[in-house]
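Asks: One letter stands for each residue in the lines below.
There are 2 protein chains.
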Amino acid sequence: MLKIDLHTHILPQHWPDWTQRSGYAGWIELAHDAPGCTAGCARLQRSEADGSRTSFRDVRENLWNPAVRLAEMQTTGVNLQALSTVPVMFSYWAKAADAYDLARLLNDHIASVSASHPEHFVGLGTIPMQDTSRAIRELERCVKELGFPGVQIGTNINGVNLDDPGVIEILTAAESIGACVFVHPWDMLQFGLHARAGESARTMNRLARYWMPWLVGMPAETCVAICSVIFGGVLDRLPRLRVCFSHGGGSFPGTLGRIAHGRACRPDLFPAESRDPRDYLAGPDRPAKFFVDSLVHDIDALRLLVRQFGSNRIALGSDYPFPLGEDRPGALIEQMKAELASECVTDLLSGSAAQFLNLPPRPTGLHS
Amino acid sequence: MLKIDLHTHILPQHWPDWTQRSGYAGWIELAHDAPGCTAGCARLQRSEADGSRTSFRDVRENLWNPAVRLAEMQTTGVNLQALSTVPVMFSYWAKAADAYDLARLLNDHIASVSASHPEHFVGLGTIPMQDTSRAIRELERCVKELGFPGVQIGTNINGVNLDDPGVIEILTAAESIGACVFVHPWDMLQFGLHARAGESARTMNRLARYWMPWLVGMPAETCVAICSVIFGGVLDRLPRLRVCFSHGGGSFPGTLGRIAHGRACRPDLFPAESRDPRDYLAGPDRPAKFFVDSLVHDIDALRLLVRQFGSNRIALGSDYPFPLGEDRPGALIEQMKAELASECVTDLLSGSAAQFLNLPPRPTGLHS
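Listed in order, the protein sequences are those of chains A and B. With my numbering, letter number 118 in the first sequence gets 118, and the count goes up by one each step, no holes. With my numbering, letter number 357 in the second sequence gets 357, and the count goes up by one each step, no holes.
Hints listed in this document are in silico derivations from the structure and should not be mistaken for laboratory results. Quick reminder that beta carbons are idealized off the backbone N, C-alpha and C, glycines included. Hints may contain errors.
Claimed, not checked - Quick list of simulated restraints, FRET-style, between CB atoms:
1. Gly-26(B) - Arg-278(A): 37 to 45 Å
2. Gly-77(B) - Pro-239(A): 42 to 50 Å
3. Ala-71(B) - Ser-176(A): 51 to 59 Å
To be verified - Beyond 12 Å from chain B on every Cβ pair, some chain A residues (computed):
4. Glu-29
5. Ala-34
6. Leu-44
7. Glu-48
8. Ala-49
9. Thr-75
10. Asn-79
11. Asp-101
12. Arg-134
13. Val-143
14. Asp-236
15. Asp-279
Chain A with its partners taken away, still in its complex shape:
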């Protein structure tokens, strides 16, 4: 069965020293010669103002080498990957001109990889969201020149949520040129705040242990982003916008009841024109093209997602090649085969992604 993995990340093997180029620190580097790194491994690090480097993640060759990716896709049965940058590269914190240049470099790299293997890779660009006009310019280049179906953006831009007028202007441009928008958590709530505001260590400890920025912060981030586009009226203003939230919508699906009841019982705290969040989910009359990926790691949670969103709004996404992702993309979906109609399984494994990415029908038989 055809599998399209909507949620995978890629980086170039090398890129110029942006710290030197820009004249200030905070940029991400991929160090291939870091101590303890063997062949096929490298280390992600951030440049600090004092000239030092802070390492934060060891990665393997499958992050940058298309040949290794293709071999692993063959093993796991993934036909097509949507390639997006690693969210730490968003660089929304940086001067817009520098972030814009970095986005162009990353997008050119993704374009070159997908052009080399167009049957196996499709690109999602990154754009400097801190600068509306540059973001729109690069969005248009991604779609019109590089042939990408859309872009990946963060759940917030320097603490600004997705109901911000500047963000809406970018999303409006995306809708008008038919670009899809994949939303990925980053710069997580308290975690991000700490890094910027210099909170005390004691406060930081709220999420410091047990990988909680990733396990609690990211799902909460995604929930904030979804609430912002729903209650901020973004989905109503842009009914043709195809938007997809990663990690199965984070904590939104499991707390939808509370969120919907909150709006119903305290309408004074919501805009007068806001709607029940359930209106945007399953059903033929829903006013939005609002997708999530399938990355929930639990069959009961995936069942909940299918009931809430419908299989044609859930796209296989694995977070490849990171360990918090699904080791064999689509394995959880395949566990549901016995209880779903075959066209629903097809939706989950490829059809929803094809619709989101606006891919042409394929001879292998995409259901969309």
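Mind docking chain B on chain A? Use the hints.
Replies: Frame of chain A; chain B shown alone:
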């Protein structure tokens, strides 16, 4: 069918001016004569350092008047309410001696209400968690002198999570005297941080709109609290402790797959002795008496909860008398009657709460 509502809040109608008594501001008051308040209404407000008052919630007589509560319980078919204070009253931020005195006042009030109607009310105390020895002293008074089955605590104590040694000492005392512990979110992540650290307004805006501190912050708070007791080994050290998390465990159940996978794929980020979080949920061999309440406002979410925790670990909880609660306590559970065994429905409506509260068997037929 017998209904026990584990999650209800109560306040005295009047209490002394704690700002005047302590000599500093930040205390909560219930203003019956606030502008716009009619008979049967009052306003919760906080005293500020400049002598002003900040109103934050209008409440009705059912918050303080037992007769009104009893009449509403008759209407909704609730036989027994567990009474706990409103979490804004925790006062963990205050000087311990002042918070201790306030806790004693609140607990004496709850004891007097439950003593007047022991067949309809049972008390859960509040204790000054910022001071381990005072907290244990008041915990013991609640159980041994006031006859409460246990206490309600917050999801954090001034930013400290529930895996803190001081908290564990209090929970150890609770286990040793057989006291149950009901955990309620408060002082929510970013929201709470802002109030303490004076973050900029822009940062505060992450959760400022759409009631997000309550709709996103509270579920995330509860998830942080559950991760802290699981991965911090608290449930392993205290296997006889009966602990219950409100709001159906917040965002934990819906993101359990991600949390379990995170621990499995990055064991280096977790204590060596930590276990799979699923070990603590359903199953006869689970190492903990770990409950949640039923307040999820969505039948699919309640189904997920029943599959994960089992009906004998889920207790009806309504958050009465607040609007974010379940208007008719148990209505969501009753929607599941057709698909559950009758003893499971009994568990959900009363049996799990009776087990958590360690109530004696009743002639009306508690299933426990």
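Asks: Hint by hint, where does the structure go against what was stated? Just the numbers, ascending.
Replies: Violated hints: none at all, because every hint is consistent with the structure.
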